[in-house]
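For this one, chain A is given, so just place chain U on it according to the hints.
Each protein sequence line maps, in turn, to chains A and U.
When we follow the working numbering, the leftmost residue of the first sequence carries the number 1, and every step to the right adds one.
When we follow the working numbering, the leftmost residue of the second sequence carries the number 1001, and every step to the right adds one.
What the hints contain is simulated information worked out from the structure, not anything from laboratory work.
Hints are supplied without guarantee of correctness; some may be wrong.
To be verified - Here are the simulated SDA-like cross-link-like pairs (lysine to any residue), alpha carbons at most 25 Å apart as the crow flies:
hint, chain 1, residue 1, chain 2, residue 2
1, U, 1110, U, 1143
2, U, 1312, A, 41
3, U, 1078, A, 62
4, U, 1424, A, 233
5, A, 62, A, 40
6, A, 62, U, 1095
7, U, 1261, U, 1188
8, A, 50, U, 1081
9, A, 50, U, 1076
10, A, 62, U, 1312
11, A, 217, A, 201
To be verified - If you anchor each label on the Cβ, the simulated ranges turn out as follows:
hint, chain 1, residue 1, chain 2, residue 2, range
12, U, 1255, A, 156, 29 to 37 Å
13, A, 275, U, 1255, 49 to 57 Å
14, A, 22, U, 1078, 50 to 58 Å
15, U, 1233, A, 148, 26 to 34 Å
16, U, 1409, A, 148, 46 to 54 Å
17, U, 1149, A, 67, 55 to 63 Å
Glycine included, C-beta positions come from ideal geometry on N, C-alpha and C.
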Amino acid sequence: MKRRKLSPMRKWGWLFLGPVVIAFAIGFVWPFCQGIYLSFCKFTLIRDAKFNGISNYIDAFKDASFMHAFWYTALFAVVSLVLINVLAFTVAYLLTQGIRGSNIFRTVFFMPNLIGGIVLGYIWSMIFDGILSRLNTSILLETRYGFWGLIILMLWQQIGYMMIIYIAGLQAVPEDMLEAARIDGASKWQTLWRVTIPNVMPSITICVFLSLTNGFKLFDQNLALNGGGQPFQQMADGSVVKTTEMLALNIYNTFYGTNSAARGTAQAKAVIFFVLVAGLGLAQLAYTRKKEVQQ
Amino acid sequence: MKKKLLVITLCLCMVVSLLAGCGKEGKGSVYWLNFKPESDEVLNQIAKMYTDETGVEVKIVTAASGTYSQTLTSEMDKSAAPTLFVIGNSAGVKTWGDYALDLKDTAVAKELSTDAYNLYDESGKLVSIGYCYECYGIIVNPDLLEKAGYKLDDIKNFAALKAAAEDIHARAAELGFDAFTSNDMDSSSSWRYTGHMINLDYYYEEKAAGKTWTECPDTITGAYVDNFRQLYDLCVNNSTVDRASLATGGHDAQSEFKTGKAVFYVQGSWEYSAVAETVPNATMIPYYCGVDGEENAGLNCGTENCWAVNSKASEADQKATLDFMYWCVTDPEASRLLVDSFGVMPYKQAAASTNGFLKASEDYSAKGCYVMDWATNYQPNVDDYRAAFVSALNQYNADPTDANWESVRTAIVDGWANQAALAKG
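Bound conformation, chain A alone:
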């Protein structure tokens, strides 16, 4: 029997796919599975993990600081999502109206994105404290300062990025549709709502998805700007809640806190965190996809 000759693509495909698959397995799949396994273990070092059932998950849900971090993060994510997208879209819209110097504005607005989160956090904490110290207070002393400070920081950093995505979307709106709207006598406002926005829905999907997950996953800026979650609040039982601590930071603080018995708990929190972020992201994606128009 004569064997059919494989196409070169079939034959050599594995050579091209292989490295990526291996890297993905080593760098993602394996740690991910191990992470899930560890969330059911008690351990100081990963290699000495001992299985202890679901008690880590019970501890995680009983932890007042985790629940606080969850609601605080949810609030932050919602507020930053709305503000970032409204402002980024506005800026993008203005910068596609053909005003002079658009490119310079775009570059300048995008630049904050190039600075790392930790550096940004420290820079902004100096700025805020420069102002707040005149009022004899500090961003580390009041939860609301910490919250709005972080929102301002994130807006400053993220608007430029989302703006670029929106600009791409706005430029892709078919000129003939806009022209047809103009001929039909639609006002600018009507054109925006009835023609432009439905056409940039794919960009909105991406941006909302990005800012929502960014909000939930926020870590560096939270660590640097809020001094690891200050101010702290003493609960009635003497336990401590770090009032500006978000989920990722809470997990980190639990894992590396001096209480080494809590490492498994931190791992369980991380798994819960993953389920939450993945679930939210998928739900949001499914919802906005429905609203997109086919061109």
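Chain U only, in chain A's frame:
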């Protein structure tokens, strides 16, 4: 066929290059995960000396300030884990005790001149041995003090310290210097209060109960928290900067002291070499806080610098590490360098200390004063405990009322009970 050969060769190359890092056994090597960033340079120098002398490889890695526990956790999980690391307090013994070799009867342990800085676990295993100890209190510039019209010998209690400090602060503009340096509460400096000065409460609690803690007590009474408040208030009210601006930090207390901008500086013996550059006769006085009989107080002496040897390391590496430790404390040149950086090493053959603050501590002891031991090493879940403490102090600094002080007290006393319960699990 040719192509297949090529592919196989390429694959082999890849695998070989991956494995290149493995191997190398026999002589054993030392990997010291260092805890004190300020000693990094000296340690690397020592490591090179040792390698030149014996051919044994010594690797020094220094964890960034305040990240020792993170670094240790990730390093210990690697196949080439540290062979020499630090277990500095009872919480460390709990976490890392299982990974520590019993150092009893090792050559280096036999060189120790005192058992005071060693840590044992519940079964009596010698988990870690002190390689240096330190002291803290209030550093004084005697010249400036005299210029302001006060004598160091007259300051023997809180009342005298308060009178001097308040007077100097009031005349700061005229004198050209202030009483205390800045007392920042950011993470690079807050431990001077939440880790060190608060020791006065713990120590006097121990003393009142007539015992020395050997493990973290479930609760503390906070009987001397008001004494802590007196001294803390004195420091922040009579310093170079306004107390409301302490939360964010950014002041350089060491340089204020070195440049003669302040008389008093709350710090420890590790500052000696830096401070002595410009204030050679700087000395240290105890935390005078208004406790009865404090005229007989000495400095706070203790350590968190204790060597532990990794019990999971290969035997060759363990032996190499123990030999290296022995060499560090017996070789005249090496111990000279280490002592200059560490202050003092409590070993029979180690070089003598040149640290003025540790000498001050010895002078106090010679006069019959009591040493305040580092009860602070028993702080439960130390990071969380201190974090809450700092936060409460920040509120208090912004608005120094009695009500705000109560939340500081809660952080100290209730925070202890809560974290102690959590740490027990």
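*If any of the earlier hints don't hold here, list their numbers in rising order.*
1, 3, 10, 14, 16
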